[in-house]
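Listed below, chain by chain, are the residues.
2 protein chains.
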Amino acid sequence: MSEKPVRFGILGCANIARKVSRAINLAPNASLYAIGSRSIDKASKFASENGFPASAKVYGSYEAVVDDPDVDAVYVPLPTSLHVKWAVLAAEKKKHLLLEKPVALNVSELDVILKACESNGVQYMDATMWMHHPRTAQMREFLSDPQRFGQLKSVHSIFCYNPGPEFLTNDIRVKPDLDALGSLGDAGWYCIRAILWAADYHLPERVTALPNPEFNNSGVILSCGASLSWANGKIATFYCSFLTNLTMDITCAGTNGYLRLHDFVIPFQENVASFYEASSSRFATLSLGCEPIPSEHKVATDLPQEALMVREFARLVASIGGNGLEPEKKWAVISRKTQLVVDAVKASIERGFESVVVGN
Amino acid sequence: MSEKPVRFGILGCANIARKVSRAINLAPNASLYAIGSRSIDKASKFASENGFPASAKVYGSYEAVVDDPDVDAVYVPLPTSLHVKWAVLAAEKKKHLLLEKPVALNVSELDVILKACESNGVQYMDATMWMHHPRTAQMREFLSDPQRFGQLKSVHSIFCYNPGPEFLTNDIRVKPDLDALGSLGDAGWYCIRAILWAADYHLPERVTALPNPEFNNSGVILSCGASLSWANGKIATFYCSFLTNLTMDITCAGTNGYLRLHDFVIPFQENVASFYEASSSRFATLSLGCEPIPSEHKVATDLPQEALMVREFARLVASIGGNGLEPEKKWAVISRKTQLVVDAVKASIERGFESVVVGN
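Heads up: the protein sequence lines correspond to chains A and B, in order. Just add 189 to wherever you are in the first sequence, counting from 1, and you've got our numbering. Just add 189 to wherever you are in the second sequence, counting from 1, and you've got our numbering.
Excised from the complex, chain A in its bound form:
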C-alpha cells in the first residue's frame, strides 16, 4: 500500500461535501487537495470553512479540478443529472471516483459511468456511508449464520425525514431537472441498499410499488414505497419520504433469528452504534412472554462511518497504484443492483403499481 495519502478533489460545494471533507481529513490515508465550484468565492469560502489546508487548490470550475494532474480521486456530490458528464470526464482524466448517491438517473446512465471507470482503470465507489460502519459487518455476520438467523424471510426498511417547507421548495432533491428521482433516489436508495444487503445482494425477481406515492407540483416523488419479492418466498418492503419524521429502521426476520436497528443511515452517536438480535425466540410457558428477549449489541468505532468509507476507498485506490492491480469491482456491482431496483420502483409507479420484473 502506498504511504502517500490519496489526494481528493471535490466537485461543488454541496452541503454533504462538508461532512465528507471532514471525513477525508479524518481518514489517515486521504487528504483534501482541491475544491472546485462555478463560483471561486464559494469554493474559497468552502475550503476555509471545511479544514482544507492552506496549500489546497481552489478552482472556479469543476473542469479545473479534473484537469489537475495531482488530484488522485474526485468526490462528486453534484445534482444527479450532472453525474454522467462529470463522472465520465473525471474517469477519462484517470481520477478515481467516489460518487454521491443516487449515482445516476437510471441504469443506462450508470452503465456509461461504470464503463468509463472500467476502461480507464479507476476505482468506483458510491458514497453509501453506513456500508462501512463496523456494525454493518457484525450484522452481516449474524444474518449469514444458519443457526442464529437461518434463511431470510422478510425485511422492512424505512428512511424518512421531514426537512420542512424551505427544502420542499428549494432543495435540488425536489427539482425535476436536478434530482428527478426525489425521495426515491435520496432516501429510497438507502432502503433499497439495506434490503439488497440483507438479501446478500441477490436481486429480487419482481418489484411492485406501494399505492399512494406523493409528488410535488413538478411530479417529483416526495414519498413512496415498494415490495420486492424473490422466488423462494422471501419478501421485502420499504418506505421513504420527505414528509415524515426522521426514521431509519431495518427489521429482518429469518427462520431462526431476528435483527433490527433504528439508525441505519446515520448512527445516533458517532463512536458507538447498536443493533438488536434474537435467535430461536419462543413464547414462554402459557405464552406469558418471550424467550429470549432481543439483546442489544453495541459496536464501537474509532472513526465515523464516512471516514471509514473514505479510508476504504483510498485503500483500494492505493492498492491499484502500488501494485498495478485491477480496481475492486464489488462496489460497481452493488451500486448497479441498487440502481436496477430504483429503476424498477419508478417503472412500477409509472405503470400504476404494476408488478415489474427487475432488469439486469
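Please keep in mind that the hints were generated in silico from the structure rather than gathered at the bench. Some hints could be false.
[Unchecked claim] What the simulated footprint calls covered on chain B by chain A, stretch by stretch (three residues with Cβ under 8 Å from a Cβ of chain A suffice, anywhere in the stretch; the number is not a length):
#1 345–353
#2 388–399
#3 423–430
#4 444–450
Here the structure is a predicted model, which is why all the values come from computation and not from measurement. Backbone N, C-alpha and C define an ideal beta-carbon position, used for all residues, glycine too.
Add chain B to chain A, keeping to what the hints say.
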C-alpha cells in the same frame, strides 16, 4: 357495577384457554365457573390443572355450558370454523361472548354472530389481549397528539413465529376445515388490528396482498403480507408467518413523530412493557447524528393484559346487568373492521395480488 363476579364458562380445552383461565382468576370481577369439552375427562383434567375451584361445573359437551343458567359469559377458543354455531347458540342463551380470534372465517359469518349478540342484548368482545394493556392507551395518546406525532403517514407491523414441524403438521391453525385462514387469521389478525388501531380505526380504501405468500399442501396460508392504503397518502404494510422467528414489531411514522415497539402482541415481561418514541427528530449539525434520540417509555401494569381484558369485559357485562344498559358496541365495530381487512387480503391473494376495495 355489580359486586358479583361474572361467572365464565369455557368452551373447549384449547391451549390458549389455559392462559385465559389464569386471567379470569386474576381479574377481580370474574370467576371460573364451568368448563365443557367433548371429553369429560379432558374437561376434568383441564379444570384441575388450571385453577378452577372445586365447585366449578365440568361438562362433557359445549352445549351443557351454554345451557347452564348460572353461566353469565362464555369464552370461545374453539377452531374458527365452529365459531358461528357456538357463538350464536351462546348468545341465544343470553351468554355474553368473549370470542377468540380470528373471530370468523369471513365478515358474513361475523355478521351472523354480531346480529345474534345484538338481538339478545349480550356483550361481544374479541380476545385481542394487547388492546387492554395500559401501554396501548399511552401509545394511542402519543399518536393522537398533533404536535408530538402529527399526521400518520406510514405503519408497518409484523407478527411471526416459528412453531416448528409438529405445529405445521397437526395444529388446528393449519387445517383447512378448522382454521382455514391460517397465519392470516392467526398472526395477521394482530398486524391488521395494529394498523387499524394506529389509523384510529379509519378503514383503508384498498388492500393489496404482497407477492409470495406461502401455503401448505392443503392450501392454508403459512405466511403472507399486504399493503393497506388510504386516500390521503397514508400507507401501511404488514407481514405474518408461521415460518419465521418470533417477531412482533410495530413502527409508526407521522409527520412530526415516530413510535415503535417490539412486543406488541405479548409483552416481553408481564408487569412492565416499553415503547419508544421521538418527536421533531432532526439530523444533527453536519448530519453527524440525530436529535433527539428516540426515548424508551416503560409502562407498568399490576395485572397482565389478558386479565385486564377479562376485567374490562366483565365490567361491561356487569354494567348491562346492573343498569339495564345496552352492551358496548365498540368491540363489535373494531372486530368487524379487522375482519373486513382480513377478507380483503384473502381476496387479493386469491385474485393474484390485485388491489381490492375494502368492503363495508
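The hints, checked one at a time:
As drawn, the stretch 345–353 of chain B meets chain A at 5 residues by the rule of a beta-carbon pair under 8 Å; at three or more, the given contact holds. Look at the stretch 388–399 of chain B against chain A: 3 of its residues bring a Cβ nearer than 8 Å to a Cβ of that chain, three or more, so the hint holds. Evaluation of the coverage hint for the stretch 423–430 of chain B: fulfilled, as 5 residues show C-beta separations to chain A shorter than 8 Å, against a requirement of three. Check on the stretch 444–450 of chain B: 5 of its residues sit with their Cβ under 8 Å from a Cβ of chain A, so the three-residue criterion for coverage holds.
The structure shown violates none of the earlier numbered hints.
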